[in-house]
Structures are given as structure tokens and as C-alpha cells.
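Trainee: Take any residue in the sequence shown, note its place counting from 1, add 140, and you have its number in my numbering.
It is possible that some hints are incorrect.
[What the hints assert, rightly or not] Calculated pairs, DMTMM-like style, for lysine to aspartate or glutamate (alpha carbon to alpha carbon, straight line, at most 25 Å):
no.: 1; residue 1: K146; residue 2: E173
no.: 2; residue 1: K245; residue 2: E276
no.: 3; residue 1: K361; residue 2: D378
no.: 4; residue 1: K153; residue 2: E173
no.: 5; residue 1: K174; residue 2: E371
no.: 6; residue 1: K221; residue 2: E276
No wet-lab data here; the hints were simulated from the structure.
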Amino acid sequence: MQIDFKKVDYVYKQNTPLASRALHDINLTIASEKFTAIIGHTGSGKSTLLQHLNGLLTPTSGAVEVGDETIIANQKNKALKKIRQKVGIVFQFPEYQLFEETVEKDICFGPMNYGVTREKAIEKARYYLNMVGMDESYLTRSPFELSGGQMRRVAIAGILAMEPEVLVLDEPTAGLDPFGSREIMDIFSSMHQGGKMTTILVTHNMEDAAKFADEIVVMEKGIVIQKGAPEVIFSSADELERIGLKLPQTIQFQKMFEKQSGIGLSKLHLNEADLVAEICTLVEGMKVC
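Assemble the whole structure, with the sequences as input and the hints as a guide.
Mentor: Put into C-alpha cells, the structure is as follows:
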């Protein structure tokens, strides 16, 4: 499902002395079935943009088109329920949104709220709980008896069980250790590759943006300043550093290698395996080979 922002402005506390413009004339297309990462420093407008994707915020001016539905500024938007069924958002620390007495009931809540029968919702709960790496024995347990990481997986399963056409991830690995972060992102990557889903990742993690995204959107002070493939975005090191973003560690290492060795590699490498493979062909006898 494609999403289009058309001349979207958003002002917090409009018509008050504390008014603050968070989005400025946003014209942006998020392509259907692509994995798009949105990056930017704190205060760049990423989270405000995210909340427009399913109508949690509506534009001060302009319009947001979500598939066949449109959210228009200063109009009563009757399509919000349809949009929220199609767009699932995994917020930071989603485990804080758990509230039912069992894991099964928590995962079933969303699908049943949109008209799925209890029997079908239970099927979905089993399937998506397994998808996030937990077996059916957890269904009867209280989510509040689980570890923090398990609670997050349950919360994610609840979003996935609604089978959204657009999955929005707002810093989904916040607070997790590197191993847990990698597992969670691999789940989302598998989900994206396995279905015709549009995935949008809002992140400070440049490694995740480089590894998973087909396209990257860079924001600064409420404006989209760059959009392109990861290879293009991360080739602009000076521009990213200007707005307080660092290059992924793999690219930092490549640039250091090229500078110290005087050898230019064939392309900008976004993952370690490709980088090591090319270096090994150039530098005989390296132990990493």
C-alpha cells in the first residue's frame, strides 16, 4: 500500500503563544511493499510524521493519502477506522500497552476489535506468537509474569495478528541488548519478505537502516532533506554528520580502510560479509580470510 504526503504541515498548540511547527510542507511518497527507513536527529519530525500514518495526528494543512483513503486537514475524517485497521504501529516499548489477563486475550483483542471471530482470533494468536519465537504454552500465562523481552514479543504479536498492510516500527528495539535487537529486527524482516507488506522503520540505528531498508528518508527540523537508496544516502557522510547522524560502523570501517591502505573498494558496502569478502580478495594473507 502506497502512502503519499501532500503539502503536509503540522503545528502543535496551534493558535496559542506556544505554537510550534513540527512539519513543513511535506511532499513524500512511501512506496508500496518497500521497506522504508526514516532517520533524523531528535526533534527532526520523525515521530510527528509517523503519527500521521494512521490518523493519530491529522495535518494542520495538506493531506495524507493511505492507499484509497485520505486524511484531509480541517475535515472530519470518516475513514480513520479503516486506516487504523490497515496501518499497524509498533511504538517504542510496546510492552507497556499490554493489559489483558492472558497472552491469548491480549493478542486476540485487536483482531476481534475489527470483527474477527474469537475462533479465528485464537488461530491468529497461536500463529503470530510462534512467529515471534514463543510457543503455545505462553497463551494461558499472564503477560505480566513474563520477562521484558517476552512481553515485547507478545505486544508485537498482537500488532501482527491484525495483519496490517502497512507496518510502522517506531524504534522497535529501544532498550534491548544487541542480541535481542537483532532477533526482533530479523522477525520484522522475515515478515516483510514473506508478505506484500509496506514496512516503515523510524530509527536512530544506522546499522538497521543500512541493512534492512530499500529506501531511506532523512529529516531535519520538520523537512525531508534527502530520500534515496541506502548506498546514496550513506555516501553523503558530510551531510549526515552536519545533522548529527553517524555512518553505519561497516561504512566507517570501509572508509578507514580505504584511507589507510590507499585502496579504493568497488562500491560502498552496507554489510560486513560483503566488505570482508572484497577486502580478502585485495589483501592476501589476512587472518579474517
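Trainee: If a hint holds in the structure, say so; if it doesn't, say that too.
Mentor: Outcome of the hint check:
1. Our distance criterion of 25 Å between C-alpha atoms is met by K146 and E173, whose separation comes to about 20 Å.
2. Simply put, K245 and E276 have alpha-carbon atoms about 13 Å apart, close enough for the 25 Å limit, and the pair holds.
3. Restraint check for K361 and D378: satisfied, since their Cα atoms lie roughly 18 Å apart, inside the 25 Å limit.
4. For a cut-off of 25 Å, the pair hint linking K153 to E173 is broken: about 35 Å separates their Cα positions.
5. Simply put, K174 and E371 have alpha-carbon atoms about 16 Å apart, close enough for the 25 Å limit, and the pair holds.
6. For a cut-off of 25 Å, the pair hint linking K221 to E276 is broken: about 30 Å separates their Cα positions.
When the structure is compared with the earlier hints, violations turn up for hints 4 and 6 and for no others.
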